[in-house]
Amino acid sequence: MPELPEVETIRRDLAPQLEGRRICAVRVARPDILLGTAGPAAFVPRIEGSCIRAVGRRAKWLLFLLDRGVLVTQLRMTGRFAVGPGPLPPISEFRHVAAEFDLDDGRTLFYDDVRRLGGFQLLSHDEWRREEQRFGPEPLAADFRARELAAAIRHGRLPVKNALMDQSRLAGVGNIYASEALHAARIDPTRPAEGLTDDEIRRLHRSLRRILRDSLDSSGTTFSSYRAVNGRSGSFQDLLKVYAKEGTACPRCRSEIRRIVQSGRSTFYCPGCQV
DNA sequence: CTTGTACCCTGACCGC
DNA sequence: TGCGGTCAGGGTACAA
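Take the first sequence: its position 55, counted from the start at 1, is 60 in my numbering, and no numbers get skipped.
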């Protein structure tokens, strides 16, 4: 379940291995990972021969900035990458390889996706610029202050947890970090976003940024399926306070952590200290 | 405009 | 041992 810290971890793993490389050949074993209208017949020749100038990230999307456009990648739930020296995936866990990209240094980039909810789309630089406008601000950007958080989420009767996860309001936050940030800020996840006080916004801003940074320092949360590149695990799951901790004691007030469902997603919170 | 729901997909897990 | 049902949640399409 890659959110901002997980996708950024993958970007940092991939960038030094891929930047400056040319893609010589592409194989798409599972065409349904090609998002949008393009099938392999249109996709493959547009990628082959292109050079990877940089590996980027916006929200939870990983970006391969090519000389001919932007290869946009969504990992959704189970998408993973590995880079190997030969024609076979370097780790045995890659049993659902959906696409392979041969590089000009003899190595191959493998994309594996059990559920195939993720995938690729090649956009022109102009198309990506327009697409990118749909996202809210990046919460780890240097100029993202409490004022920017308030402008992004403090409107509407939507519960604050859903507001945090709405990618058009705020980029990169998903189910795990929304629950964790609200617990750290002592805010009830069901509260309408428009009702947060200035002090609560300041607490949420600090908590959210600290948790995203700490998770990045831990290479993300390997809870079920997420891995960094080549199967590497993150360790932030060891530092979670409420996510998937239903029935355990809140580390702050010892009340019992509860699980509720908001918009079909699990929310974990402490009824004792989140008000 | 906002808000809610169904759907895509497979593997892990549970109860019988 | 098998087997059906449920759940996981990212984003998107569509309805109200």
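Read the hints as simulated data drawn from the structure, not as lab findings.
Be aware that one or more of the hints could be misleading.
Result set (SDA-like, lysine to any residue): computed pairs, CA atoms no more than 20 Å apart in a straight line [to be verified]:
1) Lys246 to Cys258
2) Lys250 to Ser260
3) Lys250 to Cys278
4) Lys246 to Asn180
5) Lys250 to Arg264
6) Lys250 to Asp193
7) Lys250 to Gly277
8) Lys246 to Phe228
9) Lys246 to Arg191
10) Lys246 to Glu199
11) Lys250 to Thr195
12) Lys246 to His160
13) Lys246 to Val234
14) Lys246 to Gly236
15) Lys246 to Ser271
16) Lys250 to Val280
17) Lys250 to Asn235
18) Lys246 to Cys278
19) Lys250 to Gly236
20) Lys246 to Asn235
21) Lys250 to Ser271
Verification of the hints:
| no. | hint | result |
| --- | --- | --- |
| 1 | Lys246 to Cys258 | holds, 12 Å |
| 2 | Lys250 to Ser260 | holds, 12 Å |
| 3 | Lys250 to Cys278 | holds, 15 Å |
| 4 | Lys246 to Asn180 | holds, 14 Å |
| 5 | Lys250 to Arg264 | holds, 8 Å |
| 6 | Lys250 to Asp193 | holds, 16 Å |
| 7 | Lys250 to Gly277 | holds, 15 Å |
| 8 | Lys246 to Phe228 | holds, 13 Å |
| 9 | Lys246 to Arg191 | holds, 12 Å |
| 10 | Lys246 to Glu199 | violated, 26 Å |
| 11 | Lys250 to Thr195 | holds, 18 Å |
| 12 | Lys246 to His160 | violated, 27 Å |
| 13 | Lys246 to Val234 | violated, 26 Å |
| 14 | Lys246 to Gly236 | violated, 25 Å |
| 15 | Lys246 to Ser271 | holds, 15 Å |
| 16 | Lys250 to Val280 | holds, 19 Å |
| 17 | Lys250 to Asn235 | violated, 28 Å |
| 18 | Lys246 to Cys278 | holds, 13 Å |
| 19 | Lys250 to Gly236 | violated, 25 Å |
| 20 | Lys246 to Asn235 | violated, 28 Å |
| 21 | Lys250 to Ser271 | holds, 11 Å |
When each numbered hint is compared with the structure, violations occur for hints 10, 12, 13, 14, 17, 19 and 20.
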